[in-house]
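Model the placement of chain B on the given structure of chain A, informed by the hints.
Protein sequences appear in the order of chains A and B. So the first sequence is numbered by our numbering: it starts at 11 and just counts up by one. So the second sequence is numbered by our numbering: it starts at 7 and just counts up by one.
Watch out, some of these pointers could steer you wrong.
Computed footprint of chain A on chain B, listed as stretches where at least three residues anywhere in the stretch have a Cβ under 8 Å from a Cβ of chain A [what the hints assert, rightly or not]:
hint, region
1, 141-150
2, 248-262
3, 283-297
4, 304-310
These are calculated hints, taken from the structure and not from any lab test. All C-beta atoms in this analysis are idealised placements derived from N, C-alpha and C, irrespective of residue type, glycine included.
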Amino acid sequence: MDRKFAIKDSLAENRIFLSRIVAAFVLIILIIAGLVARLVYLQVVGHEHYATLSKDNRIKIAPLPPTRGIIYDRHGRMLAQNVPTYSLELIPEQIENLDETLSKLQQLLNISEEKIDLFQKQRKRNKAFTSTPLLQNLTDEEVAKFAVVRPYFPGVDVYARLVRHYPYGDLAAHVVGYVGRINEQEMKTLPVAEYRGTDHVGKNGIEKAYESQLHGTAGYEEIETNAQARAVNTVATVEPIAGSNIYLTLDIDLQKIAYDALSEYNGAAVAIDIKTGGVLVFASRPGFDPNPFVSGISAKEYKALQDSPDQPLYNRALRGQYPPGSTAKPFLALAGLEYGVTDFGHRLFCPGYYKLPNVEHKYRDWKKWGHGMVDMNEAITQSCDVYFYDLALALGIDRIHEFLDQFGFGRKTGIDLVGELDGLLPSKDWKRSHRNQAWFPGETLITGIGQGYMQTTPLQLAKATATLANHGKVVIPHLAHRIINANYADSIDLLPDEVIPLNQKNVDNIILAMTNVVHGSRGTAGRLAKAINYQIAGKTGTAQVFTIKQEEKYNEDAIDFKMRDHALFIAFAPVHDPQIAVAIVAEHGGHGGSVAAPIAGEIIDAYLNPKKDAQHEK
Amino acid sequence: MKNEMRQEYFQSPSLIGNLLRSLHIDIPLLLGLLMICALSFVILYSAGGQEISLLYRHATRMGLAMLLMIVLAHINPRQFQSFSVALFSVCVLLLIAVAVMGQISMGAQRWLDLGFFRFQPSEFTKLSAPMMLAWYLSEHSLPPRPKQVVGAAILLLVPVLLIAKQPDLGTALLVASSGAAVLFFAGLSWWFMLGIVTLLASLTPVLWHFMREYQRNRVLTFINPEADPMGAGYHIIQSKIAIGSGGINGKGWLGSSQAELDFLPESSTDFIFAVFAEEFGLFGCVGLLALYLLVISRCFYIAVQAQDTYSRLLAGSLAFTFFVYVFVNIGMVIGVLPVVGVPLPLVSYGGTSMVTLMAGFGILMSIHTHRKLLPV
Chain A
11 MDRKFAIKDS LAENRIFLSR IVAAFVLIIL IIAGLVARLV YLQVVGHEHY ATLSKDNRIK
71 IAPLPPTRGI IYDRHGRMLA QNVPTYSLEL IPEQIENLDE TLSKLQQLLN ISEEKIDLFQ
131 KQRKRNKAFT STPLLQNLTD EEVAKFAVVR PYFPGVDVYA RLVRHYPYGD LAAHVVGYVG
191 RINEQEMKTL PVAEYRGTDH VGKNGIEKAY ESQLHGTAGY EEIETNAQAR AVNTVATVEP
251 IAGSNIYLTL DIDLQKIAYD ALSEYNGAAV AIDIKTGGVL VFASRPGFDP NPFVSGISAK
311 EYKALQDSPD QPLYNRALRG QYPPGSTAKP FLALAGLEYG VTDFGHRLFC PGYYKLPNVE
371 HKYRDWKKWG HGMVDMNEAI TQSCDVYFYD LALALGIDRI HEFLDQFGFG RKTGIDLVGE
431 LDGLLPSKDW KRSHRNQAWF PGETLITGIG QGYMQTTPLQ LAKATATLAN HGKVVIPHLA
491 HRIINANYAD SIDLLPDEVI PLNQKNVDNI ILAMTNVVHG SRGTAGRLAK AINYQIAGKT
551 GTAQVFTIKQ EEKYNEDAID FKMRDHALFI AFAPVHDPQI AVAIVAEHGG HGGSVAAPIA
611 GEIIDAYLNP KKDAQHEK
Chain B
7 MKNEMRQEYF QSPSLIGNLL RSLHIDIPLL LGLLMICALS FVILYSAGGQ EISLLYRHAT
67 RMGLAMLLMI VLAHINPRQF QSFSVALFSV CVLLLIAVAV MGQISMGAQR WLDLGFFRFQ
127 PSEFTKLSAP MMLAWYLSEH SLPPRPKQVV GAAILLLVPV LLIAKQPDLG TALLVASSGA
187 AVLFFAGLSW WFMLGIVTLL ASLTPVLWHF MREYQRNRVL TFINPEADPM GAGYHIIQSK
247 IAIGSGGING KGWLGSSQAE LDFLPESSTD FIFAVFAEEF GLFGCVGLLA LYLLVISRCF
307 YIAVQAQDTY SRLLAGSLAF TFFVYVFVNI GMVIGVLPVV GVPLPLVSYG GTSMVTLMAG
367 FGILMSIHTH RKLLPV
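This is chain B alone, in the form it adopts within the complex:
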């Protein structure tokens, strides 16, 4: 394996290759990302009512996010490792600050107003939580002992509960899954995972018992959106019509009638996949999923190639969380998962998630391009 790595590094003498390597950019990953981003402009133009200014704003945000990705790719993973604890602590403190300020203003609050810009600590936690867990678990030998699993679970639950209380279920879910992924890749025993799943399943009726009537109604609508035909159910019904009417070949670019006639709400943000499915049909959908799979595969490859435990765990978690994004959004839009506010990664308009995602890819590139060439 060491030989292979050595070959990879010394077999590309081209000028461009050297240049890109000194830029700390991973070409296959970058190409995958660029393809998805290019596609996002195509879809957004149609979904956003063919408004050019929307694309400009999308491009600006994407450019900034890419810039951040490149900057992070230059930082040595060891730096990330040594800053993990500090970063995570700051995140938790900020989340507490947001919760307290929300209490004071008597309203739901996710933002921290820093005057010149508004900052969403929960978004930041999507990165700092897996970093923290990767640091914590890599300090000990793997697979983690029960004591460390409990420690990691507590570390993870603090930000997850704070975010869920905001309430921002989508982000809480993503943070939780990023942490769970670290534990999974660290070698958490299958029996333990089975135990947790069983425990959660058996706790559900107890929790149900303690809920109030209106809370139960909320959960029921959450699970079965069709029960609320004016709200979440309306989204799902319209979204299914859009997707189904697209058929195998789709109605063609700019051919989406459902978004055009305003039947499909939030067509350029959370429900953009429905527009895509209507216009590009089953072939387009499979193609987009293949693109996502390509990016995920490359990330997994980077994780396998990583040279230390911290990098490996973090890379694996970031790759897996990216997939959770895709799954939760598309699952929601095609009506197999409850409606939570998770955007289609890199494609949906707006939101700060694009910045976080690109930062994650920056870390992955850093891990891959800072590998040491070990002597034979």
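Just chain A, with the same shape it has in the complex:
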């Protein structure tokens, strides 16, 4: 009714609308004329050409997926290989009654309901004319069984495929990673043409980090088919280019020694070649078998892995964040010397506790009755906490942050793996921005013994140790050693070019104290010194998992295993020509000296005396 009040407007609107309808109609006529012109071009002008093509159209194009590159350890032992297996695959578009075909096949080959479900899921993701696997790892008997009835199953065929296999199973699962079926998320980002015919992609570890090198380049072949659309002849082939092979710096023998040495403890062991930064050992225990992931792990198996209290899928070496405990002390001592707040001979009386002025709270030493009079050498050797409370207070948190940051504490090492975590190196700024709180002096004290907010990954600890052993030349850990394909061989041995400016005399003093940890009469890792013909420098550590109350006594036996302290140890050897740096974390191991140090000892000994070790095995 309101339009009565605006008749003029209405007329103008009418006129515009009419003109637009006419314009749209003209546009539509023009476009349809264009479509017809194109149809004339195809059906009249090009008719003969296309009719010939149509008669000869027996050529189909099939993708040829490239062979995935092999992953070797430093001595050429295969960590990830490709094993030929037979798989039963269906092309849904060519099958008249899919449900019936599936149930027939199910009867014939005894296929589980779960595999049918998995196939259905996969099928919905694929296009109807692509081949989708129903059953993998067929036995010869199964292949023969199907061969007999093959003519009655158009659209179903057995294919020989190369399937990824990890011969070392759980031992290197966290380093090598695994491949798995491409999921929808990955489908969006992967280059489509390159991955046609490929249904696996690196999900984790080296397999993921070096996906583009390992994958290779896809090819295709033109296949002549008969009237039933079965291939009869290959007309032309564009060969795929296999992915590059990758040699790692990892030594699988050493890895096994580390993994076995961790034995009943959950934890991690990392060893780095100091000269090159090549990672020799990268063990996280417990591991898991990566092989089921390749063919598609069942939901039940996966849930079991995920729900396990030991968290086998969790890469402790790369992502485990632990308080460094006393392993931080050599670095703090060096900070004290470098900033000139103390000197190597400075002595302090340790009564077993430390008190801030005007505060009642007692910061305890691990030794209840104290260490007595100690200098820096003894404070490191015997791991005196009180000495480091005092030193940390003198340094202040921001100088601690500044100095330790140079060694890579609290940030990613930059190793060639995906998913590394930062750890945490606290500072006043950090606390203000993340906790919105001021920094308290007591927090500086406990940072002095590697507790409190500070967190490191085992990899970070190994890197820092290697850098210290290298007298401040920063070591960047990496796993890929050589990447080799038909055209080139690329060697990646990173030499450190970043150097922390340090007074070498101070470094020598700290290394001397760390040598005394192992070889000194009162060292916390004294048992390592037996039966070796070289010197090891190390530092034990014990990381608190929970805090005991002021007057309560830490009684190891009375405490639940899951509440016991983590045992840590860092070391490098030989002292005068450092070659290998090691970091060990044994969760709930209790003491660094008794649990973590022997693990490091085994790795170092096997590396420096490989022959002796081989004899042991015999």
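Then chain B, alone, in the frame of chain A:
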């Protein structure tokens, strides 16, 4: 003009005419639709490997869609107008819900699982977006001022971007064009349109600069499918062979060798036009295009006859979007447009698009049959 309308309404005294009018059905439009639908059964029988069960399912879906069309034709357009905003808001919320659920399940998601059936909000948006814009623009005097154009553009971009992100480029394109059509029919100035086209053209290199390598490759394959001979290119090559080999007269019904021998993928869905062209030749293709043009013309006629701005804009947009469907699908199949998943309207098998299309025709019929007879 008013006289003409009056005559039209009072000049058909036949019983059937009265009955159909009380059913709110527009006969010419219905006849056009029925012809296309009948043709779809003929093509589908051949393209789908002569499988009768496929036709049953096609018929069921078509029947339901027609039923919906008739139900919507009974609703007064004023009702559509007053529900436009609510409908559009619900659509946008559902699209957001789908996007969030897609995030959670870490995969592409278009569906909203309501338990008893799965629902695709983007499909619904093809109707609610032009309704919303028609409502918004009809609230003000036409042609729209710059402020309203910007407002309409923002309203339109929200669902379009959400759908494009799913990713469902075909549907995003259709929603965008349905909204753009409303603006066009509302009298958006030619200069403005020219400006937008120029702006978009000049933005392309900038966008290109910020894209990653793999994204660029995707776009290149999208524009030139022949570059990917195993994927999209294979479709186009096979489709051109099928169409070209059909010639002027075609190979006759059930004579399509390309679909029969499985060279032409998706022959009963997105690429069904290729089968039709192979079997019925150039004559058949021109005939089918003429049928589509007939339906579009009738829709435009309904738009011109509509009595209020909202109805006019909505009718014009629905008619134009129907044409965009035809153009994008056939253009793709004959290799002049990139490959996007848009079915041939009313003919392709499957998809929920049939329901949406018929609902659109229901709205058009409602607009036409609810006209008031103004006193002279």
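Against the structure, the hints:
1. 141-150: holds (count 3)
2. 248-262: Check passed, 7 qualifying residues.
3. 283-297: holds (count 6)
4. 304-310: Holds: 3 residues of the region 304-310 of chain B have a Cβ under 8 Å from chain A.
Consistency with the previously given hints is maintained throughout, with no hint failing.
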